[in-house]
Amino acid sequence: MRDLRRIFLNQVAAWDTPTRTGLVIALMMMVGMVGIYAFGPDVLRVPAVMGIAALVTSVQLLILWGNRRMVTPFTKAQRLYLNGKVDEAIAVLEAVRTDGKTDVQDLTLLGNLYRQRGDLAISETVLTEALAISPDFHFPLYGMGKTKLNNGEYAEAVLFIARALENDAPPVVAYDLMEAHYRAGDVNAALAVELDEKDAEPYRVLMAAMIRGETPPSEIIEAGLPYWEQAAERFAHTPYGTDVAADLRTITELSH
Numbered sequence: 028m029r030d031l032r033r034i035f036l037n038q039v040a041a042w043d044t045p046t047r048t049g050l051v052i053a054l055m056m057m058v059g060m061v062g063i064y065a066f067g068p069d070v071l072r073v074p075a076v077m078g079i080a081a082l083v084t085s086v087q088l089l090i091l092w093g094n095r096r097m098v099t100p101f102t103k104a105q106r107l108y109l110n111g112k113v114d115e116a117i118a119v120l121e122a123v124r125t126d127g128k129t130d131v132q133d134l135t136l137l138g139n140l141y142r143q144r145g146d147l148a149i150s151e152t153v154l155t156e157a158l159a160i161s162p163d164f165h166f167p168l169y170g171m172g173k174t175k176l177n178n179g180e181y182a183e184a185v186l187f188i189a190r191a192l193e194n195d196a197p198p199v200v201a202y203d204l205m206e207a208h209y210r211a212g213d214v215n216a217a218l219a220v221e222l223d224e225k226d227a228e229p230y231r232v233l234m235a236a237m238i239r240g241e242t243p244p245s246e247i248i249e250a251g252l253p254y255w256e257q258a259a260e261r262f263a264h265t266p267y268g269t270d271v272a273a274d275l276r277t278i279t280e281l282s283h
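Be aware that the sequence shown starts at 28, since it is given in this note's numbering, and climbs by one per residue.
None of these hints come from the bench; they were simulated from the model. Glycine is no exception: its CB is placed at the ideal position from the N, C-alpha and C atoms. Do not rely on the hints blindly, as some may be mistaken.
[Unchecked claim] Distance ranges between label pairs, derived from CB positions: (1) T277 with Q87: 26 to 34 Å; (2) T277 with V61: 21 to 29 Å; (3) D213 with D146: 38 to 46 Å; (4) P162 with Q105: 18 to 26 Å; (5) D195 with T48: 41 to 49 Å; (6) T102 with V214: 39 to 47 Å; (7) Q257 with I52: 33 to 41 Å.
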């Protein structure tokens, strides 16, 4: 939460003065309305609630207005990545990294992009820079855990991914913790990880089923298999790539 507050405050600092002033006034008025609701006479409570609702809307509009021209390197790199332009996304973030203007989000995304490209040594270097800024932020903790995992450093991956979950990483990250335990040879710990399949991608569900020795539905296998095939190819130069290639043979057996 501290990191998110800092990122928000950095955004506010870039706004024009009237918008910043308007936000401060709206927040002060909101505090006053909350005080009236909590401590004022009953006759003023309904007007106070209406005032709070109006001020919440005003704050939201001010935030949208303040960020109207804000296309940060992070946002630009995200868009490039989503369009499959990994190298261009890296170039955008490396430009601001060279200038010393990157924040923890920029560095984490850059480290993750290098991992997507298979450049694990550079990924670890950049994610180390991110963790130096925010050592308890789940975003770089998870990124480092994935890089360690993909490099075959399974015990270290367990530590980083577990720390990410302890620091409010999304519940779906538990699937990565399960995989890291499994890769580290601790099947019992892997099976003990509690999973929520509600928002889990098919490739995660597929790996969890394989670890449990279960046969998933054919649609899960069909949808999840390409991810693991790409992972085996991308990280073929690491122990992880070799292990995933072996898993693919197991998954093929499960599907027949």
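- Do the Cβ positions of T277 and V61 conform to the proposed distance bound of 21 to 29 Å? 58 Å, violated
- Message: Does the beta carbon distance between D195 and T48 stay inside 41 to 49 Å, or does it fall outside?
- Response: 33 Å, violated
- Task: Look at the Cβ atoms of D213 and D146 and judge whether their distance stays inside 38 to 46 Å.
- Result: Violated, at about 28 Å.
- Message: Can you tell me whether the CB distance of Q257 to I52 sits inside 33 to 41 Å?
- Response: 52 Å, violated
- Could you tell me whether the CB distance from T277 to Q87 stays inside 26 to 34 Å? 50 Å, violated
- Hint says 18 to 26 Å; check whether the CB-CB distance for P162 and Q105 agrees. 24 Å, holds
- CB-CB spacing for V214 and T102 relative to the 39 to 47 Å hint: 41 Å, holds
Hint compliance for this structure: hints 1, 2, 3, 5 and 7 are not met, and every other hint is.
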